[in-house]
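One letter stands for each residue in the lines below.
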Amino acid sequence: MERVPILKIGGVLLVSIQIDLQDQSVLALQEDLAEKISSTGAHGVVIDISAVEIVDSFIGRMFATIASISRLFDADTVVVGMRPAVAITLVELGLTLGGVRTALDLERGMKILGQLGRGRDA
Amino acid sequence: MPPRSDGPEQIPIDADDDVVRVRQLVRTYAQQTKLSLVDQTKLVTAASELARNTLIYGGGGFARVEEVSDGRRAGVRASFHDEGPGIPDLTLALADGWSSGSGLGLGLSGARRLVDQFDLDTEVGRGTVVTVTKWKR
Ligand SMILES: Nc1ncnc2c1ncn2[C@@H]1O[C@H](COP(=O)(O)OP(=O)(O)OP(=O)(O)O)[C@@H](O)[C@H]1O
Ligand SMILES: [Mg+2]
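One line per chain: the protein sequences are U and X, in this order.
The numbering of the first sequence is the numbering used here, which starts it at 2 and goes up by one.
The numbering of the second sequence is the numbering used here, which starts it at 75 and goes up by one.
Please note: incorrect hints may appear among the correct ones.
Said to hold, decoys possible - Quick look at which bits of chain U chain X covers, simulated, 3 or more residues with Cβ under 8 Å:
hint, segment
1, 22-29
2, 52-65
3, 88-101
By construction, these hints were calculated from the structure, which means they are not laboratory data.
From the three backbone atoms N, C-alpha and C, an ideal C-beta is built for every residue, glycine too.
For reference, chain U alone in the conformation it holds in the complex (with noise of 0.2 Å):
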């Protein structure tokens, strides 16, 4: 099974996929990434999944799951650069992704956790 690589940038843990996930990947990555929060004490978890040509329930579940496990932690999720087609895709299979907090890049991504961490100093 292939692990998906988890990269620490100052206080925020990057996730970028560049595998074609199996579901044993999936549930490894979701223990990987709880571990690293809570032992690094990251404010904030970006999964870039612009080169993920799919996106199932499984998958899509994952993302609500790591957001959940993130905000234990008091930490904030933020996925970024989901394909278009993979968007659409997602909606016609009826996948919501509700509580998961998107953005269009990496950039953007990272600015919005900025802002969250700043708020949550304050």
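Go by the hints and put chain X with the ligands onto chain U.
What follows is chain X with the ligands alone, placed relative to chain U:
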């Protein structure tokens, strides 16, 4: 309809990473048939849902993928076969949000929305075959 020279392809669904292989195979056919990028994505996503169901509920099986034609247009057909327990209540299984397990219950109903043709053949105690087709526009 005469079979194409490159014909149908069949691959097993016995483990997690087979689901990834099914996705890749379906994408290859969808690209070869020149479905639009959105239609490719829809078909591959539907295939991913159905292959996972074959694995989890059907106890494994196989997928079959082929290029088809109705005389006017080309398309891609994928079917998912298992000899598992079958689906006792189809209305329930096809309803949005119903899962016998811990799923979201979007796999079958969502896959149905994502394709042009959806056929479900199931018999309790015998198994399930789900066949989906996406036509080129
Ligand atoms: N191949 C199959 N064999 C037996 N039962 C099946 C099969 N496929 C689906 N089912 C039944 O139909 C139900 C609905 O399937 P569906 O894919 O829509 O939802 P799910 O798999 O439970 O959740 P999700 O796909 O959203 O994670 C399943 O919970 C299962 O009981
Ligand atoms: Mg399912």
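Against the structure, the hints come out as follows:
{"no.": "1", "hint": "22-29", "result": "holds (count 4)"}
{"no.": "2", "hint": "52-65", "result": "holds (count 7)"}
{"no.": "3", "hint": "88-101", "result": "holds (count 6)"}
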